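If you read the sequences in order, they're chains A and B.
Every letter in the first sequence is one number past the one before it in the numbering used here, and letter 80, counting from 1, is 160.
Every letter in the second sequence is one number past the one before it in the numbering used here, and letter 91, counting from 1, is 503.
Honestly, the hints are just simulated from the structure, not real lab data.
From a predicted model like this one, the values you see are computed outputs, not experimental measurements.
Certain hints may be false.
Stated by the list, open to error - Straight-line distance between alpha carbons at most 30 Å, and here's what the computed DSS-like set of lysine-lysine pairs gives:
(1) Lys451(B) to Lys519(B)
(2) Lys138(A) to Lys161(A)
(3) Lys161(A) to Lys454(B)
(4) Lys457(B) to Lys150(A)
(5) Lys515(B) to Lys451(B)
(6) Lys138(A) to Lys150(A)
(7) Lys519(B) to Lys457(B)
(8) Lys138(A) to Lys93(A)
(9) Lys150(A) to Lys454(B)
(10) Lys93(A) to Lys454(B)
(11) Lys515(B) to Lys454(B)
(12) Lys161(A) to Lys93(A)
(13) Lys454(B) to Lys519(B)
(14) Lys457(B) to Lys515(B)
(15) Lys161(A) to Lys515(B)
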Amino acid sequence: QVQLQESGPGLVKPSQTLSLTCAISGDSVSSNSAAWNWIRQSPSRGLEWLGRTYYRSKWYNEYDYAVSVKSRLTITPDTSKNQLSLQLNSVTPEDTAIYYCARAPGYGDYGMDVWGQGTTVSVSS
Amino acid sequence: DIQMTQSQSSLSASVGDRVTITCRASQSIRNHLSWYQQKPGKAPKFLIYAASTLQSGVPSRFSGSGYGTEFTLTITSLQPDDFATYFCQQSYSPPWTFGQGTKVEIK
């Protein structure tokens, strides 16, 4: 049974860097048949897909889509710990949200089937 | 980006009712449409993918249909456990995008 567990600081000050991890059990971040995603949810933005990483003979890290996090976001795999990481620079209160990691079979073109329970992040001084 | 619109932000229904939730895409997404159920304080739960394929373990009272830009999620005979918020999500072209959700409330 695949399980995902997000962890992070909970509270971050404006302009600082947010770092989150997603521990994966029951599957591998290096799987050739899955993509690993970060999504966040807030009352103002709803559910917002941030990006993904996946391995197909080499690593593909795709996180340059969302305008709200463009140039501030990095998503990387950590194969030694079998986990997924998110780093968001120069945070503002608009980055306050629940952050989820999720697995997508294949490349994710048919949805995300397993989600972590989410970690709440507040950006405040 | 592809915009996903759920026209009903909420609806009221009774146990045993048939409920239909609609989702519209701003351009054709073929059948790359998924549905999720979310309860307060919980992560979204994967219900349906490829517009109409039920995820393993999901009760058969849930069904999905549609292709292109118009999609529906139907719950036949609504059960107490089904009162929740439902989201659609397209995965035809990144960035994947979600509808704003439809909350199914008790009448």
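Verification of the hints:
| no. | hint | verdict |
| --- | --- | --- |
| 1 | Lys451(B) to Lys519(B) | holds (17 Å) |
| 2 | Lys138(A) to Lys161(A) | holds (18 Å) |
| 3 | Lys161(A) to Lys454(B) | holds (26 Å) |
| 4 | Lys457(B) to Lys150(A) | holds (27 Å) |
| 5 | Lys515(B) to Lys451(B) | holds (10 Å) |
| 6 | Lys138(A) to Lys150(A) | holds (23 Å) |
| 7 | Lys519(B) to Lys457(B) | holds (23 Å) |
| 8 | Lys138(A) to Lys93(A) | violated (35 Å) |
| 9 | Lys150(A) to Lys454(B) | holds (27 Å) |
| 10 | Lys93(A) to Lys454(B) | holds (26 Å) |
| 11 | Lys515(B) to Lys454(B) | holds (14 Å) |
| 12 | Lys161(A) to Lys93(A) | holds (27 Å) |
| 13 | Lys454(B) to Lys519(B) | holds (23 Å) |
| 14 | Lys457(B) to Lys515(B) | holds (14 Å) |
| 15 | Lys161(A) to Lys515(B) | violated (38 Å) |
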